[in-house]
Every structure is written in C-alpha cells, then in structure tokens.
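2 protein chains.
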Amino acid sequence: MPLYFSPIELERFGKELLTKLGFPIRHSEIISKSLVLANLRGVDSHGVVRLSYYSDGVEKGLINPNPNIKIVKENQYFTLIDGDNTLGYVPATLATEKAISKAKEFGIGISGVRNLKHSGMLAKYVMQAVEEKMFALAIANASPNIALPGFKKPVVGTNPLAIGFPVDGSTPIILDMAMSVVARGKLLVASKKGLPIPKGWALNENGEETTDANEAIRGMLLPIGGYKGFGLAIVIDILCGIVLGGGYGLKIQRSWFSQGGFLIFVSKLDMARTYEEYLNDIREYIKEIKSTPVSEGTRVLFPNEIEEELTCKRMKEGVPLDEETFSELVKLAKKYSIKEPKAL
Amino acid sequence: MPLYFSPIELERFGKELLTKLGFPIRHSEIISKSLVLANLRGVDSHGVVRLSYYSDGVEKGLINPNPNIKIVKENQYFTLIDGDNTLGYVPATLATEKAISKAKEFGIGISGVRNLKHSGMLAKYVMQAVEEKMFALAIANASPNIALPGFKKPVVGTNPLAIGFPVDGSTPIILDMAMSVVARGKLLVASKKGLPIPKGWALNENGEETTDANEAIRGMLLPIGGYKGFGLAIVIDILCGIVLGGGYGLKIQRSWFSQGGFLIFVSKLDMARTYEEYLNDIREYIKEIKSTPVSEGTRVLFPNEIEEELTCKRMKEGVPLDEETFSELVKLAKKYSIKEPKAL
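For the record, the sequence lines run as chains G and Y.
42 is the number of the first residue of the first sequence in the working numbering; add one for each residue after it.
42 is the number of the first residue of the second sequence in the working numbering; add one for each residue after it.
The set of hints was computed from the structure by calculation and includes no laboratory data.
There's no promise every hint is true.
Identical copies look the same in the list; a pair holds intra-copy or inter-copy alike.
Here are the computed lysine-lysine pairs in the DSSO-like style, where the Cα-Cα straight-line distance is at most 30 angstroms [said to hold, decoys possible]:
#, residue 1, residue 2
1, Lys331, Lys193
2, Lys114, Lys174
3, Lys309, Lys174
4, Lys328, Lys292
5, Lys227, Lys240
6, Lys74, Lys372
7, Lys372, Lys61
8, Lys111, Lys309
9, Lys145, Lys309
10, Lys292, Lys174
11, Lys74, Lys114
12, Lys114, Lys309
13, Lys240, Lys194
14, Lys193, Lys328
15, Lys292, Lys309
16, Lys292, Lys331
17, Lys233, Lys375
18, Lys194, Lys328
19, Lys354, Lys328
20, Lys74, Lys354
21, Lys331, Lys194
22, Lys101, Lys194
23, Lys380, Lys74
24, Lys145, Lys111
25, Lys145, Lys114
With the hints as constraints, model all of the structure from the sequences given.
Shown next as structure tokens:
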C-alpha cells in the first residue's frame with residue numbers, strides 16, 4: 042500500500058535536502074518543484090524517487106551543486122549554455138526562458154545546454170513555453186539502452202522528446218515520450234512480480250527478443266516502430282550530443298543522473314496566420330477528433346489529458362509513494378538531519 | 042516478373058506525360074525527377090506509380106497543372122508559399138530553396154507551403170539541404186488512415202517526417218518515416234497473396250486488431266508505439282494543418298494526391314561548434330556505432346544506407362516495375378500519345 046503526501050510537503054523535503062547537498066536555495070526550489078510536478082503528472086520515474094540518485098551523485102563529486110552557469114554563445118535567436126556539470130533543471134529552465142524571450146522579440150528562439158546532468162521530465166520545459174502561448178519542442182539524450190534485434194549491446198539512449206501546443210481555456214496538448222516501447226521501469230515491475238513481459242518490449246544480451254523480464258533487464262529495450270524509433274533516437278543523439286557538443290550516448294557514463302545535452306526550440310504561433318485563427322482551429326480540431334465513433338469503454342484522449350487528470354487527482358488526494366521510495370527518503374532525511382516527509 | 046527501366050527513360054516518360062497534362066516543362070522535370078528518385082531509393086510507393094493518380098487528378102480538375110505559385114509572407118527566417126493547388130513538388134522545392142538561402146545568410150530558415158497537392162517523398166527536400174551541408178527536418182500531413190484500438194474511424198494521417206544530416210565524404214544520414222507501423226501498400230500486397238498480416242499492423246472497421254489483410258484494408262493502420270506515434274502524427278497535423286493553415290487531416294479529401302501542408306526547417310550546423318567539429322564527431326559516431334557487436338547476419342545500418350545501396354544497384358540494373366504499374370503507364374502513353382517507357 043502506498044503512502045500519500047501533499048505536493049507541498051514533498052517540495053519542502055526536496056528543497057531542504059538539495060540545499061543540504063549544497064545547491065543554492067533558488068536551485069533547490071526549481072529542482073524540487075520539477076520533481077514533484079513529475080509525480081503529480083504520474084511520471085513517477087522522474088519524481089522524488091530521483092533524490093537518492095542525485096544525492097549519491099553529489100556525494101561522489103559527479104554532480105556540481107553550486108555551478109557557475111554561463112552563456113557561452115548567443116545571437117538573435119540562439120543561446121548556448123554551459124551547465125557547469127550541475128543537474129540540468131536550472132540551466133534548462135534558463136535555456137527555456139531565453140528561448141521564450143527571443144521568440145517573443147523575434148518569432149523563434151532556440152537554446153542548447155551542454156555540460157549538464159539530468160534535467161528531468163521534458164514536459165516541464167515545454168509547459169513553460171506553452172504558458173506563454175507558444176509552441177515548443179524539447180529533446181535530450183542519455184546513455185545507451187536501446188538496440189535493434191541482433192545487436193549485442195545498446196547503442197543509443199531512450200532519448201525523449203516533448204512537444205507542446207497551447208489551447209486557450211482548455212488542456213494544452215503536451216506530448217512527452219521516450220523512443221523505447223516501454224520504460225525500463227516496467228521491466229523492473231514485471232521482474233518483481235515474477236511476471237513475463239510481452240514480446241516486442243526488449244531483447245536479451247544476445248540481441249534476441251525475450252519475454253523474460255530478468256533477461257530483458259540484463260539486455261536492451263526495443264525502440265518504437267523498429268528502425269523508425271531507432272532512427273529518431275539517433276537523430277536526437279546527434280542534435281544534443283554532436284551539434285550542441287553535449288556528448289553522444291556512447292560517451293555518456295551510465296547512471297541515473299547522466300545526460301548529454303538539452304535542446305529546446307520555441308516559436309510564436311502567428312508566423313503564418315493570426316494566433317486567434319490558430320486557437321479557433323485547434324479548438325475545432327480537438328472537438329472533431331473527440332467526436333470520433335469509438336467502441337464502448339474507449340476514450341479519445343489527446344496527449345496530456347491523462348496527466349492533467351492525474352494532477353487534479355493528486356493535488357486533492359496527495360502523491361502516492363511506494364514503501365521502497367518512502368524508505369529511501371527517510372534514509373536521506375536521517376543522513377542529512379532534515380525532517381522526513383510526513384504522510385497525509 | 043518485373044521489367045527494368047533506365048531512370049533516364051522513366052524520367053523522359055514522366056516529363057512528357059506531365060507536360061501533356063499541362064504542367065510547364067520545368068515543373069514536369071522537377072516532378073518526374075522526384076518520382077524516379079523515389080523509385081531509385083526503393084520507395085516505389087512514391088515513384089512513377091503515382092503518375093496515373095496525378096493524371097486522374099488533373100483530368101478531374103483537382104490538381105492545377107499551371108499554377109501561380111506565390112510567396113504569401115516572408116521575413117528574415119520564414120517564407121510562406123501558396124501552391125495554387127498544384128502538385129507539391131515545385132512549391133516544396135522552392136520552399137526548400139528559400140529555407141536554405143535564409144539559413145545561409147542567417148543560420149536557420151523555415152518554409153511552409155499550403156494549398157498544394159502531393160509533394161512526394163520527403164527525403165528529397167531534406168537531401169536538397171543536406172547537399173548544402175545543412176541539417177533539415179521536413180513534415181507533411183495527409184488525410185486520415187491511422188487510429189488507436191477502439192476507434193471506429195481513422196482520425197489522423199500517416200503524416201511523415203524526414204530528417205537529414207550531412208556526413209562529408211560518406212552516406213548522409215536521412216531518416217524518412219511515416220507514423221504507421223507499416224505502409225498501407227503492405228496490406229495490399231498481403232491481400233493479393235492471400236496471406237495474413239502480423240498482429241500490431243492494423244485494425245478492422247470496429248477498431249479491433251486484425252490479422253486479416255482484407256479486414257485491415259477496410260479498417261485503419263496502427264501507429265508506431267501506440268499513443269506515441271499517434272501523438273507525433275497529431276503534432277504534424279497541427280503544424281502543417283493549423284499553424285500553417287494547410288488544413289488538417291479530417292478536412293482533407295481522401296485521395297492518392299491530397300495533402301494538407303508542407304513544412305521544412307533548415308539550419309546551419311555551426312551554431313554551437315564549428316562545422317569541422319561536427320563532421321569529425323559524426324564520422325566518429327558512425328564508426329563507433331558500426332562497431333557494435335552483433336549476431337551473425339545482422340548489419341548495423343544508419344537511416345539511408347539501404348536506400349543508397351538500392352540507388353547504386355538500380356542506377357546500374359535499372360528500376361524494376363511490376364506488370365501492373367507498367368501496364369498503367371502504357372495506358373497513359375496511349376491516352377496522351379506519347380512513347381511508352383522502353384524496358385531495358
């Protein structure tokens with residue numbers, strides 16, 4: 042049975058912990074809020090569960106808690122930021138702000154961050170731009186865990202992308218997806234429960250498709266659509282790793298907090314038509330698709346609807362944490378002499 | 042048994058036919074070359090087989106062969122083109138040229154085309170930019186044929202994207218993919234052969250997964266990665282259909298030559314680092330991934346390698362056309378009093 046926590050209490054805990062780890066208060070706040078936002082949206086893999094990995098990274102000197110974040114290059118539409126090896130949340134938030142302000146002035150803005158660690162759930166950055174009535178696309182690359190059948194080693198990360206469109210007065214469209222068929226977490230869950238996994242999720246160490254969760258954990262994840270998702274993961278690896286210079290997957294040390302680069306593209310939505318025309322059409326679009334005939338029990342959902350529903354639910358009922366995650370947080374509380382998160 | 046044709050002979054045929062249909066010679070040339078390029082790359086669904094659909098569209102007054110292509114809007118980085126309801130090849134080629142020239146001057150260029158018909162294989166436009174040592178991403182939207190399980194009607198097109206990176210002195214990386222697990226053509230092939238199709242390709246008219254090719258043809262295609270590919274198809278529909286104003290899938294008349302909009306983004310590759318650094322890294326990247334240990338018989342291939350190999354092969358041996366496609370071309374030749382394509 043999970044325990045439930047108010048988002049504010051989890052934010053308080055994260056902020057205190059990160060501050061003890063050496064992050065400036067303002068950074069601790071941004072990181073902690075982002076983690077809890079992920080929990081609220083049901084993306085628990087990117088929520089407070091990461092705190093113990095992050096503290097581990099800081100202790101080992103692999104994450105810089107007190108960085109000198111610098112703008113390395115800048116022109117009319119582009120900003121390149123050096124994250125000084127800190128967690129990506131703060132530099133990526135800054136990168137997003139820069140891209141938004143350039144887009145406001147100029148129509149579009151592009152920002153990149155290199156020399157950073159994990160920047161968390163990409164939807165967060167895209168939502169930042171969507172709140173300003175803009176389109177955004179964000180990508181990030183990670184260490185390899187995807188391969189195609191026959192490969193004996195993973196060569197590319199799950200390399201997520203997030204894309205967002207504002208919809209006035211209604212749920213914005215926010216797509217946030219990794220290039221693997223399923224997240225690695227699903228293999229871990231199946232393994233714990235002693236259940237097989239469906240064909241098409243993963244490969245074993247020999248590059249053969251497997252339905253054994255433990256074999257899959259030692260093996261690799263399969264990309265969506267075979268060579269298609271594989272190709273998209275490669276594209277993201279090249280953009281973040283090579284074009285920006287953040288380092289590509291095979292050069293990234295495997296850990297729960299590693300990352301190559303972060304890239305965000307932001308654009309105003311009035312380049313071809315007025316923003317009002319855009320808004321009218323997108324409302325009509327959603328309405329039209331929502332009225333598709335479906336079989337009983339099927340819902341027509343746009344990307345972000347489930348996440349918004351969960352956010353409402355969890356704002357009311359609290360964020361559920363499983364016992365394992367909670368006990369990790371309790372350990373951290375003891376170690377850093379802060380108050381453990383109090384359940385509802 | 043297929044017949045083989047020299048690419049030059051097919052180009053000659055296409056050009057003459059299109060000119061007879063009323064296209065200016067220069068337009069006929071661009072369209073015909075693009076079709077044959079698709080055949081050379083093995084993308085036969087986008088090759089000369091389309092000529093009979095196009096001539097049909099022109100005859101019915103649905104495609105304008107002699108358009109007044111206009112630049113509707115333009116700024117430092119953006120160009121919006123009105124295709125005057127002609128086939129998309131010429132306006133999309135112009136759009137790509139504009140994006141390249143803006144990128145040369147300014148770093149990036151974005152172009153959109155609306156009011157157009159089919160613009161063919163997207164790889165073509167991306168290759169245009171890659172030849173100029175630039176990164177490119179192109180998208181287009183079409184009438185619906187994708188749905189998720191439980192949907193009784195398709196709501197979004199297979200909406201392809203193509204992405205390209207130059208690799209000096211070697212095969213460039215060109216990813217060109219639709220959001221369906223397989224192309225509709227594969228259902229037709231299975232149906233002709235009386236074979237079942239794998240689970241995961243398509244739905245029947247009731248929105249249930251089917252392995253019956255004929256049911257699938259009357260039904261819908263499944264997207265890659267479930268909601269992921271579905272979400273990407275929606276994103277492309279919104280960008281081309283709503284942001285550009287080309288019309289979204291559900292508004293597009295279903296035909297073999299319909300299209301909503303076309304969008305291309307082109308960028309120089311020296312925004313963060315020098316182009317030489319980019320080139321060095323991407324060569325190293327390809328080498329490193331190519332040396333992944335694989336099981337016997339597995340090849341590590343980057344997007345575009347198979348297509349380049351096929352191009353070499355077909356340049357030498359000719360382009361194979363099945364009897365049905367050839368007999369369609371012969372019919373067109375008779376109807377428009379031009380010389381039918383001569384097999385090798």
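Status of the hints after comparison with the structure:
Taking the closest pair of Cα atoms, Lys331 and Lys193 come within 30 angstroms of each other only across two copies (12 angstroms); inside a single copy the shortest separation is 43 angstroms, beyond that limit. Taking CA atoms no more than 30 angstroms apart as the test, Lys114 paired with Lys174 passes in both settings, with 26 angstroms inside one copy and 21 angstroms between copies. When the C-alpha separation of Lys309 and Lys174 is checked against a cutoff of 30 angstroms, the pair qualifies both within a copy, at 7 angstroms, and between copies, at 27 angstroms. When the C-alpha separation of Lys328 and Lys292 is checked against a cutoff of 30 angstroms, the pair qualifies only between copies, where the shortest distance is 13 angstroms, while the shortest distance within a copy is 46 angstroms.
Taking CA atoms no more than 30 angstroms apart as the test, Lys227 paired with Lys240 passes in both settings, with 13 angstroms inside one copy and 22 angstroms between copies. In this assembly of identical chains, Lys74 and Lys372 lie within 30 angstroms of each other by CA distance solely inside one copy; the values are 21 angstroms within and 67 angstroms between copies. Taking identical chains as interchangeable, the C-alpha atoms of Lys372 and Lys61 lie at most 30 angstroms apart only when both belong to the same chain, with a minimum of 14 angstroms there against 79 angstroms between chains. For the identical chains of this complex, Lys111 and Lys309 are neighbours both inside a copy (26 angstroms) and across copies (23 angstroms), given an alpha-carbon limit of 30 angstroms.
For a Cα distance limit of 30 angstroms, the shortest separation of Lys145 from Lys309 qualifies both inside one copy, at 7 angstroms, and across copies, at 22 angstroms. Within a single copy, Lys292 and Lys174 get their C-alpha atoms only as close as 37 angstroms, which misses the 30 angstroms cut-off; across copies the closest is 25 angstroms, which meets it. Taking identical chains as interchangeable, the C-alpha atoms of Lys74 and Lys114 lie at most 30 angstroms apart only when both belong to the same chain, with a minimum of 28 angstroms there against 41 angstroms between chains. When the C-alpha separation of Lys114 and Lys309 is checked against a cutoff of 30 angstroms, the pair qualifies both within a copy, at 22 angstroms, and between copies, at 15 angstroms.
Taking the shortest alpha-carbon separations for Lys240 and Lys194, both the intra-copy value of 19 angstroms and the inter-copy value of 27 angstroms come in at or below 30 angstroms. When the C-alpha separation of Lys193 and Lys328 is checked against a cutoff of 30 angstroms, the pair qualifies only between copies, where the shortest distance is 16 angstroms, while the shortest distance within a copy is 46 angstroms. For the homomeric pair Lys292 and Lys309, the shortest alpha-carbon distance between copies (24 angstroms) is at most 30 angstroms, but the shortest distance inside one copy (35 angstroms) is not. Within a single copy, Lys292 and Lys331 get their C-alpha atoms only as close as 44 angstroms, which misses the 30 angstroms cut-off; across copies the closest is 15 angstroms, which meets it.
For the homomeric pair Lys233 and Lys375, the shortest alpha-carbon distance inside one copy (27 angstroms) is at most 30 angstroms, but the shortest distance between copies (69 angstroms) is not. Only between protomers do Lys194 and Lys328 lie at most 30 angstroms apart by alpha-carbon distance; the minimum there is 15 angstroms, versus 45 angstroms within a single protomer. In the homo-oligomer, the alpha carbons of Lys354 and Lys328 lie at most 30 angstroms apart inside one protomer (24 angstroms), although the nearest pairing across protomers, at 49 angstroms, exceeds that limit. For the identical chains of this complex, Lys74 and Lys354 are intra-copy neighbours only, at 18 angstroms inside a copy versus 56 angstroms across copies, given an alpha-carbon limit of 30 angstroms.
In this homomeric assembly, Lys331 and Lys194 come within 30 angstroms of each other (Cα to Cα) only across copies, at 11 angstroms, whereas the closest approach inside a single copy is 42 angstroms. For the homomeric pair Lys101 and Lys194, the shortest alpha-carbon distance inside one copy (27 angstroms) is at most 30 angstroms, but the shortest distance between copies (54 angstroms) is not. Taking identical chains as interchangeable, the C-alpha atoms of Lys380 and Lys74 lie at most 30 angstroms apart only when both belong to the same chain, with a minimum of 18 angstroms there against 70 angstroms between chains. For the homomeric pair Lys145 and Lys111, the shortest alpha-carbon distances inside one copy (22 angstroms) and between copies (27 angstroms) are both at most 30 angstroms.
Within a single copy, Lys145 and Lys114 get their C-alpha atoms as close as 19 angstroms, and across copies as close as 19 angstroms, so both meet the 30 angstroms cut-off.
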